[in-house]
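If you read the sequences in order, they're chains A and B.
The first sequence: position 18 = 18 (the numbering used here), numbered continuously.
In the numbering used here, each number is its position in the second sequence, counted from 1, plus 638.
Some clues are possibly wrong.
Said to hold, decoys possible - Keeping only pairs whose Cα atoms sit at most 16 Å apart, straight-line, the calculated EDC-like set for lysine to aspartate or glutamate is:
1. Lys1060/B x Asp847/B
2. Lys771/B x Glu798/B
3. Lys175/A x Asp899/B
4. Lys973/B x Glu171/A
5. Lys542/A x Glu570/A
6. Lys813/B x Asp261/A
7. Lys1180/B x Asp1205/B
8. Lys1181/B x Asp1205/B
9. Lys543/A x Glu570/A
10. Lys543/A x Asp376/A
11. Lys335/A x Glu809/B
12. Lys771/B x Asp847/B
The set of hints was computed from the structure by calculation and includes no laboratory data.
Given the structure is predicted, the values throughout are model-derived calculations rather than measurements.
2 protein chains.
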Amino acid sequence: MPEYTVRFLPSGRSIPVPEGKTILDAAIAGGIALRSACGGSGTCGQCRVVVRSGRVDAPRSQRVRPEDAALGVVLACQAVVQSDLEVEVPEASLLSEHQVLAAGRARGQTVGEGEGEGRSEGERAHLRPVFRKTFLRLPEPGLEDASSDLTRLYTALAKEEGSRNFQVGLELLRKVPRLMREGAWQVTVSCVDARGMTEVVDISPGRDDTPVYGLAVDVGTTTCVTHLVDLLTGETLDVRGAYNRQARYGDDVISRIIYADENDDGLVKLQGAVIETINDLVAGAASHLGIRGEDIRVVVAAGNTTMTHLLLGVSPTYIRLEPYTPAATSVPPVKAREIGLAVAPDAWVFCLPGVASYVGGDITSGVVATGVASSDDVVLFVDIGTNGEMVLGNRDWLLACACSAGPAFEGVGIRHGMRAMKGAIERVEIDPSRDAVVYRTIGAARPAGICGSGLIDCLASLRRAGIISRNGSFDTAYEGRRMRAGDAGPEFVLAFAEETATGEDIYISEPDVKNLIRSKAAVYAGIRSMLRMVDQDISDIKKILVAGGFGSYLNVRKAIEIGLLPDLPESVYRYVGNTSVEGAKMCLLRREARREVELVARRMTYLELSVGNTFMEEFVSALFLPHTDLSLFPSVSA
Amino acid sequence: MPEYTVRFLPSGRSIPVPEGKTILDAAIAGGIALRSACGGSGTCGQCRVVVRSGRVDAPRSQRVRPEDAALGVVLACQAVVQSDLEVEVPEASLLSEHQVLAAGRARGQTVGEGEGEGRSEGERAHLRPVFRKTFLRLPEPGLEDASSDLTRLYTALAKEEGSRNFQVGLELLRKVPRLMREGAWQVTVSCVDARGMTEVVDISPGRDDTPVYGLAVDVGTTTCVTHLVDLLTGETLDVRGAYNRQARYGDDVISRIIYADENDDGLVKLQGAVIETINDLVAGAASHLGIRGEDIRVVVAAGNTTMTHLLLGVSPTYIRLEPYTPAATSVPPVKAREIGLAVAPDAWVFCLPGVASYVGGDITSGVVATGVASSDDVVLFVDIGTNGEMVLGNRDWLLACACSAGPAFEGVGIRHGMRAMKGAIERVEIDPSRDAVVYRTIGAARPAGICGSGLIDCLASLRRAGIISRNGSFDTAYEGRRMRAGDAGPEFVLAFAEETATGEDIYISEPDVKNLIRSKAAVYAGIRSMLRMVDQDISDIKKILVAGGFGSYLNVRKAIEIGLLPDLPESVYRYVGNTSVEGAKMCLLRREARREVELVARRMTYLELSVGNTFMEEFVSALFLPHTDLSLFPSVSA
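Using the sequences provided together with the hints, build the complete structure.
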């Protein structure tokens, strides 16, 4: 069978494919994450690529305009490779972060291991996946060595694994004698590390190279993100995200806990909703890659403490009640079938351990993924999602705290607030002299509301324009039609009804502004409280890592201007994207990583902000733009 | 397909069987425990029954004398049912109760820990059962200590347990928050050690003193013995034993392995039979004590390697084929429900690890129970049951070997051999001058055959009387009606037909004697081979422990006279009874004991007697009474 080579541009990666395969097949084989919402049926039109040279057999598609087709544009899923090819992949066809899904990390950043693309042989050698296959040539038994089949297997395995602590289930044990002889003392053994043991879960006679997959999941309150990983190569084959279907039962963790408490089958419904969300992502990934869900043999999930409880169907009741005690911060591994996850039924699901009710496995995962816990310098890790969680520390100490800062910046509690989705105003400039507002929306759509980054811009611009004072009060002397009196106080209109998607004016009100100021004050006060606890100063922070979907689109300068983040040079800041899923992926690919996350969870000191006066003092001082103490914000003109 | 009914007498039980089945099949189906040493191959002749009415198709057998055949005697395993039948089952063909059931250790002996009766409070304090309940007063959570419920539990438990490695299942985790609050932060926690973890398996609010039970099982080839133990007090509440129902498929491990190999569901049947045996014992114990089987929360089983395989339903095929490799010597713990044991379904069943195909968990268990592995002096541990296993060693080294000595001393392969059951001749004195024999039978019943201790007596007496020479040849010059010529050579009659239960003469023939000499030679040669391997002498042995059902009825002096056991003062010898079940019980009551058994299994060097020349040389030298080298038996006059 002839084999052709498809060279993808701009990466330059060359992928050999047998005759009859499509460009999409080649892309998948090469780990190039083409968008493909329809799963390769030619209907979504997302996998458009340009054939620069070579021949393909591609049917005409409604999804490709004739003039584009003339230039070589084809749907990768429909184009059968007929010769060696050069194919250009437009940015727009790559699975890139939907702004919320923020699947991977921000571009250009390297965070720990686990990068799928361009993995070299050398890197492969460092793969120590939590589930792996090992080919063994066993010494044949003889009278001089009549040790049992299992001992023979364990002895050979110990040399490969560097472990001696093996376990095998009864069902597999019953097959061991047959399988070892069928393979003439050559077998491929699948192992997974769980509960402090190395479990032997599969034995195939002879050499077995069939791929096995692992799933890393970020179980977010708003969004769930999955990375599907080839455990033999370490490559990330599929990245996708979806809104957490629990949202129908409440936007934030508190409202979901209340739902669980106050409805007979509330907990069951919430668990079902998040499992459904993940199962859909798994089904999508599996169909995209042409594999089965059952080929996924291990799952690592990172979520905040409430999400972890709900994923497992464990009641989160006491998370919300003082003194805020979760059922567990470090939860035992469970079998996929126990929680209804549509992967291999006996796959272990490891939920990464958290620290407290409001500092969960998503944070410890991120801390390990970004190397905070091994840094010489003091690092501040900030994850402002639905909640605001922060970690301060280095190799010697780690502090964590949480503040309910998030919802406002996710649009919750703000009259025209919305999530960072299509139509959300994400950039705002105000020219008071012309009573003009310039805004940009996600997807360049008609505006439907204001998302977090838009709200920060808005606050900064209003302040800079003198429309609001340092304490957030509106200057009602402003002249222009955008300022008006509303039911709840003064309002400033960003977009008038005729421009908007909703047919309503989109404005920000004084209560909105005060709400946002409280949120930003909580974050900043949390940072200051941690610093005070370890007797450090803002200037001692050498690096600030901004994580979470929110982080990727945050304008740091504006965030400093409103006093949300410390006034440090922008070079100190780094966007690290979804470190929760990255950490989970590290745990799939390097079996020591899970232990590291556990150690980090144990090392981390949780600072309960509601205890003592420090936080309240700091919070009150931060209720100004940017702050009461302007010396903390030298770069911001008052 | 026509179906016939077989009515068994004297029980009167009627069993329907389809055409083509044998009487043995009908007996098995009806739970009638016919003896069947050969596993149904028609060679052992034990399953003789009398067809009173109806037609069978039975080939002529050497095992049935023509005159008996004329009276309707057939081998049940060979007789194919051709019509409705009435079949009489002679007592001698039934597996029946016998002395071995006296299960426990020989009276008056104390072996290690685990003595149930009269346990004092002080002894109770040393109880560290593998399954236990711990009452905990937990500190109430507060803002200063809002650690998770599970962490709170583990922290308190760690203080009691001295372990930090806890595990909890998802189902129980889901109940943790409720149970801890229901008990107002006082709970009783049930834990069990398994797979290197301490598993939390139950939590009750408040103080919970309801008793929990453990089961120690000796899974013997011939007999299964159970000790039911109160895990809170350490007391042994019930001891019982029963024939292993596998006996219907073969007397010894080899014939059962053959049965497993050569019948479609042979393995399933064998597993079912032993589980049935144990379940009956459990049911008996439970009804005796007024508890439920489910109250038994943990099981420790000790058996030889084949029995362990069959208990778990793991194929023992390769145990019987050179190089005799079992599937596993150290088997993983399994849940009771996985093997159908009628105790708590999630109870762990721990099978004690063995060393090789013919040195199993019953031996390692015995070695730990008797303290061989921690002895300063060199100890010889001898277990002559269906098989003969021996251990030689002390705290520094341990050697083990196995020889197929057993069956002859259990009556197998001896014309009038039988197990130590009612009617078995167990003591023999011969007065050649009067052509008289004085014998004693078990239960003072009419003699039905000769059991192991009777055979040893017999050999010693025949030798002493000069009726047989040192190599076992009969002195045909003997004058008296007890000596006569048989089909297979000279025979010596112990009991004439008119005195016996069978209506046949009970005699011992020259081939029987040679067979017994081979068996005793194998044991002695095994002991000598081990001594040679470690460059030690008979006189270096400071203690000889005789274990197993056989041991309890062995006349040591006579055993020395025939050269079965070393010529050492009787004070060196100690009967230790069923150390297999004692060791299993120790593992129930002291959780470190299982680890000790594992270490012993690992430390023990298995000496494969079929490799090298040592054993063969020793064996040939031992084919005399007592031995070729009389200097080895100074106390025995030649």
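Verification of the hints:
Of the supplied pair hints, the one linking Lys1060/B and Asp847/B is violated, its CA atoms being roughly 44 Å apart against a limit of 16 Å. Only pairs whose Cα atoms come within 16 Å are accepted, and Lys771/B paired with Glu798/B is accepted, the gap being roughly 11 Å. Under the criterion of a C-alpha separation no larger than 16 Å, the hint pairing Lys175/A with Asp899/B is consistent with the structure, at around 14 Å. Under the criterion of a C-alpha separation no larger than 16 Å, the hint pairing Lys973/B with Glu171/A is consistent with the structure, at around 12 Å.
For the suggested pair Lys542/A and Glu570/A, the alpha carbons sit about 11 Å apart, so the restraint of at most 16 Å is met. Of the pairs offered as hints, the one joining Lys813/B and Asp261/A holds, with about 14 Å between alpha carbons and a cut-off of 16 Å not exceeded. Annotation: proposed proximity of Lys1180/B to Asp1205/B holds, straight-line Cα distance about 12 Å (limit 16 Å). Distance hint between Lys1181/B and Asp1205/B is fulfilled; the C-alpha atoms sit about 12 Å from each other, no more than 16 Å.
In summary, the hint linking Lys543/A to Glu570/A is supported, as the alpha carbons are separated by about 10 Å, within the 16 Å threshold. As the CA atoms of Lys543/A and Asp376/A are separated by approximately 11 Å, the hinted pair is consistent with the 16 Å bound. Our distance criterion of 16 Å between C-alpha atoms is met by Lys335/A and Glu809/B, whose separation comes to about 12 Å. Between the alpha carbons of Lys771/B and Asp847/B the distance comes to roughly 8 Å, so the proposed pair stays at or under 16 Å and holds.
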